[in-house]
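Here the protein sequences line up with chains A and B, keeping their order. All residue numbers for the first sequence refer to this note's numbering, where the first residue is 1086 and numbers rise by one. All residue numbers for the second sequence refer to this note's numbering, where the first residue is 7 and numbers rise by one.
You may find that some hints are simply not true.
Stated by the list, open to error - Pairs of lysine to any residue residues, derived as SDA-like cross-links and limited to a Cα-Cα distance of at most 20 Å, are as follows: (1) K138(B) to D229(B); (2) K1213(A) to K21(B); (3) K1375(A) to D1147(A); (4) K112(B) to L1134(A); (5) K21(B) to C1216(A); (6) K1375(A) to R1151(A); (7) K138(B) to S1155(A); (8) K1325(A) to N1206(A); (9) K174(B) to P201(B); (10) K138(B) to L1137(A); (11) K21(B) to L33(B); (12) K1325(A) to A1292(A); (13) K1213(A) to A26(B); (14) K21(B) to W1313(A); (15) K1299(A) to K1325(A); (16) K21(B) to L1197(A); (17) K112(B) to V169(B); (18) K174(B) to L98(B); (19) K1299(A) to P1322(A); (20) K174(B) to A1115(A); (21) K138(B) to A1372(A); (22) K138(B) to R1151(A); (23) K21(B) to W1212(A); (24) K1375(A) to A1168(A); (25) K1299(A) to A1321(A); (26) K21(B) to L1203(A); (27) K1375(A) to Q136(B); (28) K174(B) to G184(B); (29) K1375(A) to A1167(A); (30) K112(B) to T1394(A); (31) K1375(A) to I219(B); (32) K1325(A) to L1301(A); (33) K1375(A) to Y1160(A); (34) K138(B) to A1158(A); (35) K1325(A) to I1337(A); (36) K1375(A) to A137(B); (37) K138(B) to L1150(A); (38) K1325(A) to V1396(A).
If you are wondering where the hints come from, they were derived from the structure by calculation, not from laboratory data.
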Amino acid sequence: MTTSTARVAPIVPRGPAPDARRRRAARRRAVRPWVLLAPTLAVLAVLLLWPLVRVVDLSFQDFGLRELVSGEANYIGWENYAAILGDSYLWTVVLPNTVGFAACCVVLTVGLGTLVALFLNILGTFWKTVCSTAIMVAWAVPAVTGTYVWIWLFDPLNGLVASVLAGLGIIEPGTVNWYTDRLGFYAIATLNVVHHGFPFVAITVLAGLLTVPKELYEAATMDGAGAWRRFWQITAPMLKPVFAVVTILSTIWDFKVFTQIYLMPGGNGGNAEVFNLGVWSYIQSFAQGKYGMGSAIAVLLTGILLVITVVYMRTLFREEDL
Amino acid sequence: MRRTGSALAWPALGKSLGVAAILAFALFPAYWMFSSAVDVDAAHRGATLIPTDLTLDHFVRVLDVGGFGQFMRNSAIVAVGTVLISAAVALLAAVAVARFAFTFRKAVLVLILIVQMVPLEALVIPLFLQAKNLQMLNSLLGLVIVYLAFSLPFAVWMLRGFVAAVPKEVEEAAYMDGASWGRMFWAVLLPLVAPGVVATSVFSFITAWNEFIFALTFLQDADKYTVAVGLQRFFGQNTADWGAVMAASSLITVPVVIFFVVVQRRLASGLTAGAVKG
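All chains should be built: construct the whole structure from the sequences, respecting the hints.
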């Protein structure tokens, strides 16, 4: 790169054809952002946008193991969607699992995260640091290993929970298996996801709490407002954008939970009662070899998330100009 | 002293209980993982809170017989590859959106935000087929490429903030000294945003290190497994070698926890960047 492009506004133009040079410099300035963006845009196009087109395309095909080998396309119109939407399995098992689970997780994650944030906010610096480091550890434990720990804690034979309950005489050792029961399965999954998700909410809300002017609380206290009213009349309205973001992000994450379900006993295909949309799509494709059907389910999931994302974007852009 | 303090004692007691509850809830699973990993009788510890006797046997078994060292090497290769490429690519894009005014700048930003919301779990089928056609299945390079899609949008979004925080005057001063744009980038901008690059890289590293669904789908041979997939090895049909599983889990978790605590502040602010007013 030459130095001439960057030098700012020479007052006395020297040398031949200063206009041409300036024009060339201007053109280079106009092109440069696109040169810088090119690798990113290329990656996003190849790895996100094209597969997105591809998954929609696949959802209209009968794409099985035969097509996987031959590479031929076999379009069948809306048949995959008709099969999915006409299947009572979607309405009685998968959708309730997905939506119910996500709703429980979001409410508990945001509720617990907010409580923890409010509590941390009244602690002194030392204990605040200790507690936030502890919840950082909870956040940092990877989904895979965290899930295995919860499976181990609830192991029907030798797990901590079974042993404690057996010790108290509540259950007979080895007779109860929570994982085969849909509700038990999802209760454990919820505990896992909430434990992994509340630190993000707590840390974000805590950061938001620090921006609320203390005078507001002092004035409200003088007016005789209790802690409950102070929260609903000052904290909640002031932090509305923060709550909106953590709620919507949690919703997106909890709708597409895969690892935490798939790794639990029965979640990888053994027990069809416990699938959610993501797991169902995966099992249809990679266990049953029905890639077209799996794609249709994936499109359905993406559609739901898209709606949530639109809400998210609107919340975000109301708050700050880019 | 007792009497005057009693009015204050309750809130103080409440606080202590609260702190204890948070610490217990947050740390117990991690504690259970580490303590099971060093427990001689891990599989039958039941409700024994403290291991009866300590041992490193589980770790030895995991690394020796289980071949977990290989899995950790694979994960490290994938994660470092992802970090290097995504940091370089994202920094260029971040400079473009933070420093240049151009048509469609806002459109590019919105695009980056939107693609961040695309559920990659829903793209596992087309990406699997694509990788299969390109003979990229069962290869660590294939995983690195896919993980770029995971980390890039977030990295651009986060680095944009760091680049924007560098005062324009610093750049202009470099130009005054006769530096070209390229020289200014290397000698002035890059050192100033280096902390941001580090924080973003840590996030990319963690994402790649932890990723499960693509590793599960793409990798077929045991010698290519990353840690997240390799863990499954310690499960039998109906039984699990819990000591080994927890030892291996500890090996996966420790680097992540260390990184996380190091970058904690930037991480929280980066995730909601643009949403929380500072």
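ask   = CA of K1213(A) to CA of K21(B), is that 20 Å or under?
value = 11 Å, holds
task = Would you check the hint for K1375(A) and Y1160(A), treating anything up to 20 Å between C-alpha atoms as holding?
result = Judged against 20 Å, a Cα distance of about 14 Å means the pair holds.
key: Restraint status (C-alpha distance of K1213(A) to A26(B) at most 20 Å)   = Cα-Cα ~12 Å, so holds.
task = Would you check the hint for K112(B) and V169(B), treating anything up to 20 Å between C-alpha atoms as holding?
result = 16 Å, holds
task = Sort out whether R1151(A) lies within 20 Å of K138(B), counting only the CA atoms.
result = 14 Å, holds
ask   = When you check the alpha-carbon spacing of K138(B) and L1137(A), does it fall within 20 Å?
value = 17 Å, holds
ask   = Can the restraint linking K21(B) and W1313(A) be considered satisfied, given a maximum Cα separation of 20 Å?
value = 17 Å, holds
request  = For the pair supplied as a hint, K1325(A) and I1337(A), confirm whether the alpha-carbon distance does not exceed 20 Å.
outcome  = Within the cut-off at roughly 18 Å; holds.
query = K138(B) and A1372(A): Cα distance at most 20 Å?
reply = It holds: about 17 Å lies between the C-alpha atoms, which stays within 20 Å.
request  = Below or equal to 20 Å on CA atoms is what counts here, so check K21(B) against L1197(A).
outcome  = 16 Å, holds
Proposed proximity, K1325(A) with K1299(A) (alpha carbon, max 20 Å) = 17 Å, holds
ask   = Within 20 Å, alpha carbon to alpha carbon, are K1375(A) and I219(B)?
value = 18 Å, holds
The structure shown violates none of the earlier numbered hints.
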